[in-house]
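Chains as they are written, first to last, in this note's numbering: chain A, -16 to 147; chain B, -16 to 147; chain C, -16 to 147; chain D, -16 to 147.
I should point out that these hints are in silico values taken from the structure, not numbers from a laboratory.
Be aware that one or more of the hints could be misleading.
Just so you know, same-sequence chains aren't split out, so a pair can sit in one copy or run between any two.
[Said to hold, decoys possible] Cut-off 27 Å, straight-line C-alpha distance, at most; resulting in silico cross-link-like pairs (DSSO-like, lysine-lysine):
id, residue 1, residue 2
1, 138, 19
2, 58, 138
3, -15, 10
4, 58, 83
Protein chains: 4
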Amino acid sequence: MKYIKIFSTGGTFDKEFNELNGELYFKKTQLHELLKLGRSQLNVKVETLMMVDSLNMTEDDRQHIIHKCQQESSKRIIITHGTDTMVETAKILAQHIKDKTIILTGAMIPIKFGSSDGLFNLGSALSFIQILHPGVYITMNGRYFNWDNVRKNKKLGIFERITK
Amino acid sequence: MKYIKIFSTGGTFDKEFNELNGELYFKKTQLHELLKLGRSQLNVKVETLMMVDSLNMTEDDRQHIIHKCQQESSKRIIITHGTDTMVETAKILAQHIKDKTIILTGAMIPIKFGSSDGLFNLGSALSFIQILHPGVYITMNGRYFNWDNVRKNKKLGIFERITK
Amino acid sequence: MKYIKIFSTGGTFDKEFNELNGELYFKKTQLHELLKLGRSQLNVKVETLMMVDSLNMTEDDRQHIIHKCQQESSKRIIITHGTDTMVETAKILAQHIKDKTIILTGAMIPIKFGSSDGLFNLGSALSFIQILHPGVYITMNGRYFNWDNVRKNKKLGIFERITK
Amino acid sequence: MKYIKIFSTGGTFDKEFNELNGELYFKKTQLHELLKLGRSQLNVKVETLMMVDSLNMTEDDRQHIIHKCQQESSKRIIITHGTDTMVETAKILAQHIKDKTIILTGAMIPIKFGSSDGLFNLGSALSFIQILHPGVYITMNGRYFNWDNVRKNKKLGIFERITK
Chain A
-16 MKYIKIFSTG GTFDKEFNEL NGELYFKKTQ LHELLKLGRS QLNVKVETLM
34 MVDSLNMTED DRQHIIHKCQ QESSKRIIIT HGTDTMVETA KILAQHIKDK
84 TIILTGAMIP IKFGSSDGLF NLGSALSFIQ ILHPGVYITM NGRYFNWDNV
134 RKNKKLGIFE RITK
Chain B
-16 MKYIKIFSTG GTFDKEFNEL NGELYFKKTQ LHELLKLGRS QLNVKVETLM
34 MVDSLNMTED DRQHIIHKCQ QESSKRIIIT HGTDTMVETA KILAQHIKDK
84 TIILTGAMIP IKFGSSDGLF NLGSALSFIQ ILHPGVYITM NGRYFNWDNV
134 RKNKKLGIFE RITK
Chain C
-16 MKYIKIFSTG GTFDKEFNEL NGELYFKKTQ LHELLKLGRS QLNVKVETLM
34 MVDSLNMTED DRQHIIHKCQ QESSKRIIIT HGTDTMVETA KILAQHIKDK
84 TIILTGAMIP IKFGSSDGLF NLGSALSFIQ ILHPGVYITM NGRYFNWDNV
134 RKNKKLGIFE RITK
Chain D
-16 MKYIKIFSTG GTFDKEFNEL NGELYFKKTQ LHELLKLGRS QLNVKVETLM
34 MVDSLNMTED DRQHIIHKCQ QESSKRIIIT HGTDTMVETA KILAQHIKDK
84 TIILTGAMIP IKFGSSDGLF NLGSALSFIQ ILHPGVYITM NGRYFNWDNV
134 RKNKKLGIFE RITK
């Protein structure tokens, strides 16, 4: 299999604690450390597209993500993304890209915190990406969702299927 | 989907440090903590079959595992297992069980250590189990292997395909 | 020796990550977990006075801390406190209390983060409190400082002696 | 103050998990990482004398420790040491060295485990070393003990005063 591409866009996943001012901020992606920690032997290429809170993600940011996914020669793409607007980005991607398997994932707790779900979600996304048919998906809470059938339940902090 | 069954058998995955004598030992499975950490929303049932080093796993132990997999009403079973004889157990399971998806997984570093690959492997196994066809597989290093096409490279500490 | 009293007032020390809104917040003190982690056999009583960012600590808050230290029957008191105004609180305490050993300490990184200095600082404060003469001190970075001879270097994120 | 010398001798403190054979082993001291984690600003020099389980410490090993303590120009020395024979080494040191403050400390859980007491004990030892008078001491469980008045309670896994 060709390599799996991972685009990092920021989100809670990559937040760190700035000890000089006591605020959360972005420094660099934790993906390399996580892949090492998981002893991944997959052929993976990581590229940071941006480092933003998904609530602050602009229309231009999303166009950039679409453009990068279109240009990408691998048919298998994972995007790490803030959870608050993950569904929105998935929707726009689905409108533009039909021939690739794209999975968006993230974390509820920053990886730099000891108690993060990030390593679990990455293991999950890297597994689903090897098998799922072309389409746009979200992987969280051990599950995968089609882009048009998922919402974030902000009260519970989980992703769930939309019951139509 | 019906629930996913997870059978715990011990292995490095569940080793803890006994501070009274300085040795590694088994106390109880860490699976519940990991599922919580990963914020899993999957319907999962955990059952501990034994707590042994896979190098000490006996023929009787393996018969017990086979029996439990046969009796299990769910068609999707994950077995956490020591890595040293994981391939051997997979082989025996494949001889007896044809109609279920069974994935064996484990860890190179105990979960109780901060730097374990266990959470990554669990996220991976729980994802593959939802999609793979009936058969016996091993999930490690972010990859899945058919039971008859894998070996542990003990020098490198990774699982790899057998090139015939 | 009589018990050592620890008053918790919040600060970075006790900050946690709220996964529902992605912000840092206070839930409860981590002191009990830290004492257990350090396998402390000291006779210690913990009491939470408030849970505030030290930049938001009011004059009333400080009066409450002074009052509690005055009322306290133990002669040995540790106060966990945000680092930004730790020196200010120490100064006011020194004006009102002369007959007790009071140590203020805190953390640059929340304890809930795996990489916190909180356990180190607590081990340090609990040790100094057993030996130092009555007075008000700050313990950070492995050192102890008299209240009138210390400042936080906000650029470096460390406490240092004032060279007069 | 002149620098504080830390001699590392191994013990549970520095044990790591060898993922290739599943056993605990020594690789290198974790002291530098701990000092960084604690944001220590103390003038400290670390030197590894040996990496042994204290149950395997030989008479020659102890002579080497004594020799190094005698040769050391700093009057303040911390020795990280396995807990099982820490009291024995303290006793021999006390017979040979009278003019220095020497503190032995260690850990019940390896530092590489997330749940270690090592960072707490190091913060404690580094604090006591700055104040205690010349003599040989053990620092564990947040307390300090004179060399001739302490024993390890192996049943409880704690150090305690000998009640004569």
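Now for the hints, and whether the structure bears them out:
In the homo-oligomer, the alpha carbons of residue 138 and residue 19 lie at most 27 Å apart only across protomers (17 Å), although the nearest pairing inside one protomer, at 33 Å, exceeds that limit. In the homo-oligomer, the alpha carbons of residue 58 and residue 138 never lie at most 27 Å apart, since the shortest distance is 35 Å inside one protomer and 33 Å across protomers. Taking the shortest Cα distances, residue -15 and residue 10 never come within 27 Å of each other, neither inside one copy (29 Å) nor across copies (37 Å). Taking the shortest alpha-carbon separations for residue 58 and residue 83, only the intra-copy value of 5 Å comes in at or below 27 Å, while the best inter-copy value is 30 Å.
Checked against the numbered hints given earlier, the structure breaks hints 2, 3 and satisfies all the rest.
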